[in-house]
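Student: What follows is each chain in one-letter form.
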Amino acid sequence: MIVGSQKPIDEIWDMVKDFKKVLVFGCNTCVAICHAGGEKEAETIAALIRMRAAQEGKRIEVNHLGVMRHCEPEYFDPVMDEVRRYDLVLSTACGVGVNFLSERIGEIPVYPGINTSFFGGVPEAGVFTELCAGCGNCILHLTGGICPIARCSKTLMNGPCGGTNKGKCEVSPDIDCAWYLIVERMKKLGTLEKLYEIQPPRNWSTSRDGGPRRVSLEHIRAYEEKEEQKPEPAGGKK
Amino acid sequence: MKSGSNLERVILSGQPAVTAELGPPMSADPHEVIKKANILKGYCDAANITDCQTAVVRISSIAAAVIAFQQGLEPVMQMTCRDRNRIAMQADLLGAAALGLRNCLCIAGDHQKFSAAGRLKGHPGAKNVYDVDTCQLVGILKKMRDEGKQEGGDPLEVAPKFFIGASWTPMADPIDFRPINLMKKVNAGADFIQTQGIYDIAGFRSQMETIRNMGLHERTAILGGIIVPKSAMMLKYMDSSVAGVSVPKPLIERMTKAKDAAGDDKKKAKELQEAEGIKIAVELIQQVLETPGVRGVHIQAIEWESAMPGIVKAAGLYPRPNIPEA
Ligand code: SF4
Ligand code: SF4
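Each protein sequence line maps, in turn, to chains V and X. So that you can map any letter, position 9 of the first sequence is 9 in the numbering used here, and since no number is skipped, the others follow by simple counting. All you need for the numbering used here is the position in the second sequence, starting with 1, plus 238.
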């Protein structure tokens with residue numbers, strides 16, 4: 001899932017203070033699970049803004065709303081008329097949601113209500129850890145299922161640096177050394193020898209370094225086009 | 239001869255090689271480099287010029303290496319993977335070779351968050367490059383030198399001829415993987431290896447036994463790392479906080495005794511500890527050099543270059559061999 005975290009209320013206030021009608025718009029998938037930007041958090045943020053407005057003597061109408069997802073139009077299309085009543089949308093979806101809505105909403109600004117952090121998992125309640133960096137060329141079969149790109153602070157590909165200290169990364173005693181984990185895991189799997197081979201310099205162009213990426217599934221697009229051309233069955237929407 | 243550097247010639251001669259370390263200053267003034275180079279000259283076969291060590295901005299390793307070279311000290315230009323992508327790295331390698339440099343040590347580099355272990359502001363918000371890692375950088379240098387090709391495959395009219403080095407931390411976690419780490423660097427093309435500072439001779443010797451069984455000591459020249467201890471505090475810090483360094487208790491006790499012997503006299507405590515530190519360094523050098531498979535020592539007298547001549551002499555490593563270019 002995509003993990004986000006809350007922005008300081010001072011920063012949010014700076015973004016919203018000059019608007020008259022603000023909608024705090026939550027997303028109920030990933031960012032709801034990490035307690036950053038679901039409908040519940042949107043409600044809290046809206047209340048905080050109202051409190052701040054009262055303190056500062058500003059008249060701002062602030063409401064909240066939430067939909068299941070902000071990254072596919074079908075989820076927010078049904079509420080778009082309502083959304084367009086406002087002069088600012090403070091989206092508490094991830095950055096994808098903010099971008100996606102910005103391009104579809106028209107003349108209304110969409111501002112980020114949270115910080116989008118990473119793709120991660122939930123090892124225990126209230127803890128989220130980064131596990132994949134979306135590099136576009138997965139090599140987890142070579143590293144025992146543990147990602148050196150997302151989880152090694154130096155994205156090393158050929159084994160640990162000299163900074164590994166008691167299994168922790170040199171960057172912080174709170175960060176596990178990815179290469180320590182990889183070596184230990186591959187020993188358990190009996191596949192340590194895979195690490196003997198030198199991984200050559202990577203082609204990072206499948207990653208963000210190659211420019212913004214896009215996946216296009218031609219067969220799905222062709223199928224959808226064909227479906228659209230079919231006459232609608234009488235008496236109903238497809 | 240791969241590079242013809244002095245370091246390579248000494249190593250090929252079979253005599254124990256000595257390298258030192260010269261940290262460039264946080265300043266645009268070349269005089270500190272000139273001063274340090276003149277202290278080290280004659281007491282080592284080459285000196286590492288660190289590349290923004292501890293992730294703090296200093297005179298670049300390439301520029302400081304050229305300044306040292308002009309003083310008659312052969313430099314080992316260090317190159318970290320932290321600050322440059324492969325385009326900048328190769329451009330700097332061509333430039334360094336064009337300026338006459340012939341040794342390059344490839345290292346990952348301290349992470350940009352390190353900021354001299356928090357003692358300086360540094361640049362913890364800098365972008366993290368690590369386009370290639372140490373093994374890959376070694377491979378790039380080798381490909382440039384031996385195939386006359388850039389990493390991407392384009393030809394080089396004149397190839398840079400570097401004696402290629404890499405660092406190795408023999409005793410960091412995961413300890414049983416460290417020999418593999420070394421093997422990969424050697425397979426990639428490392429001609430020489432400088433190790434992390436060694437205090438635990440028994441631990442080092444046991445890793446070296448594995449290395450000899452793998453035959454790696456014959457495929458690369460391993461120079462054992464010596465960090466000259468300055469005080470009991472420094473030894474304790476390195477034991478507790480520096481990855482891959484453990485300091486045996488008796489060494490810490492010797493230093494503490496030297497300190498305590500001075501009573502309340504701070505100046506004397508410093509002198510006594512420094513004298514003991516030099517003694518310890520000399521003993522470590524001898525023990526490391528007695529370890530089969532070791533071909534030299536890399537002595538780091540950090541911000542204490544003036545200690546080098548005495549140490550090298552006391553270790554019986556002076557004068558340094560003079561092997562003319564073929
Ligand atoms: S290798 Fe790439 S795709 Fe696979 S987990 Fe790591 S970052 Fe994600
Ligand atoms: S300590 Fe481990 S995780 Fe941290 S940079 Fe080094 S190899 Fe990577």
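In short, the hints are calculated from the structure, not lab data. One thing to keep in mind: the hints can contain errors.
Distance condition first, Cα-Cα at most 25 Å in a straight line; then the derived DSS-like pairs of lysine-lysine [as the list claims (entries may be wrong)]:
hint, chain 1, residue 1, chain 2, residue 2
1, V, Lys-168, X, Lys-359
2, V, Lys-21, V, Lys-40
3, V, Lys-168, X, Lys-487
4, X, Lys-351, V, Lys-168
5, X, Lys-474, V, Lys-166
6, V, Lys-194, X, Lys-380
7, X, Lys-506, X, Lys-495
8, X, Lys-365, V, Lys-7
9, X, Lys-365, V, Lys-168
10, X, Lys-240, X, Lys-399
11, V, Lys-166, X, Lys-487
12, V, Lys-194, X, Lys-351
13, V, Lys-166, X, Lys-381
Student: If a hint holds in the structure, say so; if it doesn't, say that too.
Tutor: Against the structure, the hints come out as follows:
1. V/Lys-168 with X/Lys-359: Measuring from Cα to Cα gives roughly 23 Å; hence the hint holds.
2. V/Lys-21 with V/Lys-40: 20 Å, holds
3. V/Lys-168 with X/Lys-487: 24 Å, holds
4. X/Lys-351 with V/Lys-168: Holds, because 15 Å separates the two Cα atoms, which is no more than 25 Å.
5. X/Lys-474 with V/Lys-166: 17 Å, holds
6. V/Lys-194 with X/Lys-380: 23 Å, holds
7. X/Lys-506 with X/Lys-495: 13 Å, holds
8. X/Lys-365 with V/Lys-7: 22 Å, holds
9. X/Lys-365 with V/Lys-168: 22 Å, holds
10. X/Lys-240 with X/Lys-399: 7 Å, holds
11. V/Lys-166 with X/Lys-487: Cα-Cα ~19 Å, so holds.
12. V/Lys-194 with X/Lys-351: 31 Å, violated
13. V/Lys-166 with X/Lys-381: The hint is violated at about 35 Å.
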